[in-house]
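> Work the whole structure out from these sequences, hints included.
Each protein sequence line maps, in turn, to chains A and B.
Residues 1 to 396 (our numbering) make up the first sequence, in order.
Residues 397 to 792 (our numbering) make up the second sequence, in order.
Check before you lean on any hint, since a few could be wrong.
[Said to hold, decoys possible] Label pairs and their in silico Cβ distance ranges:
(1) D657/B <-> E348/A: 53 to 63 angstroms
(2) E348/A <-> I526/B: 37 to 47 angstroms
(3) A239/A <-> K462/B: 52 to 62 angstroms
(4) E236/A <-> T424/B: 21 to 31 angstroms
(5) G617/B <-> P123/A: 22 to 32 angstroms
(6) P123/A <-> E744/B: 48 to 58 angstroms
(7) R745/B <-> E236/A: 37 to 47 angstroms
(8) R204/A <-> V765/B: 36 to 46 angstroms
(9) G471/B <-> S234/A: 54 to 64 angstroms
(10) F472/B <-> F76/A: 42 to 52 angstroms
[Stated by the list, open to error] The calculated DSS-like cross-link candidates involving lysine-lysine, where the alpha carbons are at most 30 angstroms apart (straight line), are:
(11) K446/B <-> K66/A
(12) K467/B <-> K230/A
(13) K71/A <-> K467/B
Keep in mind the hints are simulated off the structure, nothing from the lab.
Backbone N, C-alpha and C fix where the C-beta goes; we use that ideal spot for every residue, glycine too.
2 protein chains.
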Amino acid sequence: MRLLSVLVSLLLALPCWAQISDDFQPATTNVWGANYPRVDHQGRVQVRIKAPEAAKVRLNFWSGPKIDMEKQPDGFWTATTSPLAPGLHYYTVIVDGADVSDPASTAYFGGTRYASAVEVPEPGETYYAINTVPHGQVREIWYPSKVTGGWRHALVYLPPNYDTQTKTRYPVLYLQHGGGEDETGWIRQGRANFILDNLEASGRSKPMIVVMAYGYAQRAGQPPQDLNGKPFGSPEMLAAVHDMISVFEEDVTRALIPFVDATFRTIPDRDHRAMAGLSLGGMETFQITVNHLDLFSYIGGFSGGGSFLTGRNQFDPKVDYNGVFSDSAAFARKVHLLWLGVGTQEPERMRAGLLSLHTALEQAHINHVWYESPGTDHEWQTWRRDLRDFAPRLFH
Amino acid sequence: MRLLSVLVSLLLALPCWAQISDDFQPATTNVWGANYPRVDHQGRVQVRIKAPEAAKVRLNFWSGPKIDMEKQPDGFWTATTSPLAPGLHYYTVIVDGADVSDPASTAYFGGTRYASAVEVPEPGETYYAINTVPHGQVREIWYPSKVTGGWRHALVYLPPNYDTQTKTRYPVLYLQHGGGEDETGWIRQGRANFILDNLEASGRSKPMIVVMAYGYAQRAGQPPQDLNGKPFGSPEMLAAVHDMISVFEEDVTRALIPFVDATFRTIPDRDHRAMAGLSLGGMETFQITVNHLDLFSYIGGFSGGGSFLTGRNQFDPKVDYNGVFSDSAAFARKVHLLWLGVGTQEPERMRAGLLSLHTALEQAHINHVWYESPGTDHEWQTWRRDLRDFAPRLFH
Numbered sequence: 001m002r003l004l005s006v007l008v009s010l011l012l013a014l015p016c017w018a019q020i021s022d023d024f025q026p027a028t029t030n031v032w033g034a035n036y037p038r039v040d041h042q043g044r045v046q047v048r049i050k051a052p053e054a055a056k057v058r059l060n061f062w063s064g065p066k067i068d069m070e071k072q073p074d075g076f077w078t079a080t081t082s083p084l085a086p087g088l089h090y091y092t093v094i095v096d097g098a099d100v101s102d103p104a105s106t107a108y109f110g111g112t113r114y115a116s117a118v119e120v121p122e123p124g125e126t127y128y129a130i131n132t133v134p135h136g137q138v139r140e141i142w143y144p145s146k147v148t149g150g151w152r153h154a155l156v157y158l159p160p161n162y163d164t165q166t167k168t169r170y171p172v173l174y175l176q177h178g179g180g181e182d183e184t185g186w187i188r189q190g191r192a193n194f195i196l197d198n199l200e201a202s203g204r205s206k207p208m209i210v211v212m213a214y215g216y217a218q219r220a221g222q223p224p225q226d227l228n229g230k231p232f233g234s235p236e237m238l239a240a241v242h243d244m245i246s247v248f249e250e251d252v253t254r255a256l257i258p259f260v261d262a263t264f265r266t267i268p269d270r271d272h273r274a275m276a277g278l279s280l281g282g283m284e285t286f287q288i289t290v291n292h293l294d295l296f297s298y299i300g301g302f303s304g305g306g307s308f309l310t311g312r313n314q315f316d317p318k319v320d321y322n323g324v325f326s327d328s329a330a331f332a333r334k335v336h337l338l339w340l341g342v343g344t345q346e347p348e349r350m351r352a353g354l355l356s357l358h359t360a361l362e363q364a365h366i367n368h369v370w371y372e373s374p375g376t377d378h379e380w381q382t383w384r385r386d387l388r389d390f391a392p393r394l395f396h
Numbered sequence: 397m398r399l400l401s402v403l404v405s406l407l408l409a410l411p412c413w414a415q416i417s418d419d420f421q422p423a424t425t426n427v428w429g430a431n432y433p434r435v436d437h438q439g440r441v442q443v444r445i446k447a448p449e450a451a452k453v454r455l456n457f458w459s460g461p462k463i464d465m466e467k468q469p470d471g472f473w474t475a476t477t478s479p480l481a482p483g484l485h486y487y488t489v490i491v492d493g494a495d496v497s498d499p500a501s502t503a504y505f506g507g508t509r510y511a512s513a514v515e516v517p518e519p520g521e522t523y524y525a526i527n528t529v530p531h532g533q534v535r536e537i538w539y540p541s542k543v544t545g546g547w548r549h550a551l552v553y554l555p556p557n558y559d560t561q562t563k564t565r566y567p568v569l570y571l572q573h574g575g576g577e578d579e580t581g582w583i584r585q586g587r588a589n590f591i592l593d594n595l596e597a598s599g600r601s602k603p604m605i606v607v608m609a610y611g612y613a614q615r616a617g618q619p620p621q622d623l624n625g626k627p628f629g630s631p632e633m634l635a636a637v638h639d640m641i642s643v644f645e646e647d648v649t650r651a652l653i654p655f656v657d658a659t660f661r662t663i664p665d666r667d668h669r670a671m672a673g674l675s676l677g678g679m680e681t682f683q684i685t686v687n688h689l690d691l692f693s694y695i696g697g698f699s700g701g702g703s704f705l706t707g708r709n710q711f712d713p714k715v716d717y718n719g720v721f722s723d724s725a726a727f728a729r730k731v732h733l734l735w736l737g738v739g740t741q742e743p744e745r746m747r748a749g750l751l752s753l754h755t756a757l758e759q760a761h762i763n764h765v766w767y768e769s770p771g772t773d774h775e776w777q778t779w780r781r782d783l784r785d786f787a788p789r790l791f792h
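Have a look at this one:
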């Protein structure tokens, strides 16, 4: 009897053993009740989409696999990827040539559109999870801008207890999204609010206000710069990007910062103001901060920095940015932190730009932090890690 | 010379005249830089989507036209609708059987997915526009719920000057989204923050806090109720919806309200607490408020109310809701406002339910406001108008 019972237990246990190699679970990024996409412990992703009359459906991870999906008898198409790195991965589905998002996924603004994304968990990491710690609030603000001639939308993270400690004033980090994304990216994709909540709860970061602005700007009465359809890195594209960043620079310094300092209990001086951004936002950060060292003393470039806009392959500290990098001692007195980071799996073109900037700064003896995120691409897991390393270094 | 100049002017002016009958402009709901969808002054909508290898593409307005799109030589498919009523209209595009959103549109959560929508302007109306008036802030909160066993996300509108008038306490309106939507609906689709900003600036509404919660709830450790795949109005669907609303009722009364009263400067009593909701949110409102008249004294049902959940076609004031409607004088002493509204173009099934509720309340001499939104469907323009009529009646 006892042996039989053990045998039965073993037999009943078999399906559990079998599941170890097939433990797909619905992604946390799915909409309410959607069973797909699913992710397993290896980071493989299964996608499923209904397209009964389609001839060809392709799964398109922007920084990952692009694979033909297989038609099932029920009219659904399915595909399973190879293991993906941890983090949030943008994707779309191409249905007979139509590049569309997956109705089962939360929609995230990226690539100048609402795209799908799947979260592949990083085992053991809780720094971007919603934990049982005090939570800050994310606020939406609309500020008037005479530079752009309209209302502009931004998100603002306020640290826990902002509302109750009404005598306390806080330093401010301006934190910018990447090209094709918008002011919601750092919260929706990046989970910056949870990262800050957790860093602060552990005592690693000072309480701070984080302002996330919309990083595109055109002058009042002008049409938007046409950034599409121009070859990457071409003089036309550089000129359009440079114009946009210059208008944004004016908006930040003349409209946004005065509004934030008038609206929230900030410490409104350069020693308590930082700026960081990812990719395009890193370029914006570099230009805005270095041109306005009267306003900023902490600078972060996450997979984006200063070399791109010079129009040369090599950043030259002696001449670029009005020579502000030419005197390393003077720079160190003014800038409390210059921080640069890149993922080890980013495309060579992007790594090369950041590396050349890093090398040129080293040769010019410009004190800075250089951080490489192991195994991650030009994607949000890199930038979450960047923020985790960057924020604790601020405002000491 | 002068005549020639006039003639040239007239000739140059001709294309402008011609444009009067073809004055399509990009919709305000488009993503950055997208030229389609476009809307003309009649409310006609042009949609354009790239699907070069598709055999059939259909444009699918959920409460509007469903039309085959036409393939153009450049691989894009286009369609122009007949004139639509003013307001925000959900739509998707069906590409060879795949029901997907339009990459050119902002994504709005509706129909338990991210869908596309196009805003058709209402000529002369500015009550839901962002105007040059003081603006409140929309905040994101995460509150812990022992009822559901997790963190829950809600949006909270705080009136202008909340941060500076730190001695002032405010009444609270709990405002619920509809079935298939989420806590973002009243801001993103409904523009409730701008409606309140404008009502308050004109002196028509009292300053108030508006709490927009996520209207789905399952008990801690339980799977979500399966609301899909059940016939509309069937006993199985009614039971699932009823269970969900009951869990949400506990969440609102035991977790959300205490959190809001502890977090914001509310006036935490029934005389300063209202609840309203649209469609499913109206049903939730009806059940939660009538079961908790110790907590609420203002009640709004926008295209949704109390009759549905009885499981009968006819609402019976004598027996339903524990007979709270059986004594009209007692009800009037307790409830400062009972407000019901419906759009004149809503489907007969929905209008009939609201009308029968309205009629039953009239026959029972229950004092209430009955509002019909002219020419609008079971869509957001109805609910924007509802809020415009409802909010000024609160908290006097």
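> For every hint, state whether the structure bears it out.
Hints and how they fare:
{"no.": "1", "hint": "D657/B <-> E348/A: 53 to 63 angstroms", "verdict": "56 angstroms, holds"}
{"no.": "2", "hint": "E348/A <-> I526/B: 37 to 47 angstroms", "verdict": "44 angstroms, holds"}
{"no.": "3", "hint": "A239/A <-> K462/B: 52 to 62 angstroms", "verdict": "45 angstroms, violated"}
{"no.": "4", "hint": "E236/A <-> T424/B: 21 to 31 angstroms", "verdict": "29 angstroms, holds"}
{"no.": "5", "hint": "G617/B <-> P123/A: 22 to 32 angstroms", "verdict": "24 angstroms, holds"}
{"no.": "6", "hint": "P123/A <-> E744/B: 48 to 58 angstroms", "verdict": "54 angstroms, holds"}
{"no.": "7", "hint": "R745/B <-> E236/A: 37 to 47 angstroms", "verdict": "56 angstroms, violated"}
{"no.": "8", "hint": "R204/A <-> V765/B: 36 to 46 angstroms", "verdict": "54 angstroms, violated"}
{"no.": "9", "hint": "G471/B <-> S234/A: 54 to 64 angstroms", "verdict": "25 angstroms, violated"}
{"no.": "10", "hint": "F472/B <-> F76/A: 42 to 52 angstroms", "verdict": "27 angstroms, violated"}
{"no.": "11", "hint": "K446/B <-> K66/A", "verdict": "19 angstroms, holds"}
{"no.": "12", "hint": "K467/B <-> K230/A", "verdict": "27 angstroms, holds"}
{"no.": "13", "hint": "K71/A <-> K467/B", "verdict": "25 angstroms, holds"}
Hint compliance for this structure: hints 3, 7, 8, 9 and 10 are broken, all remaining hints hold.
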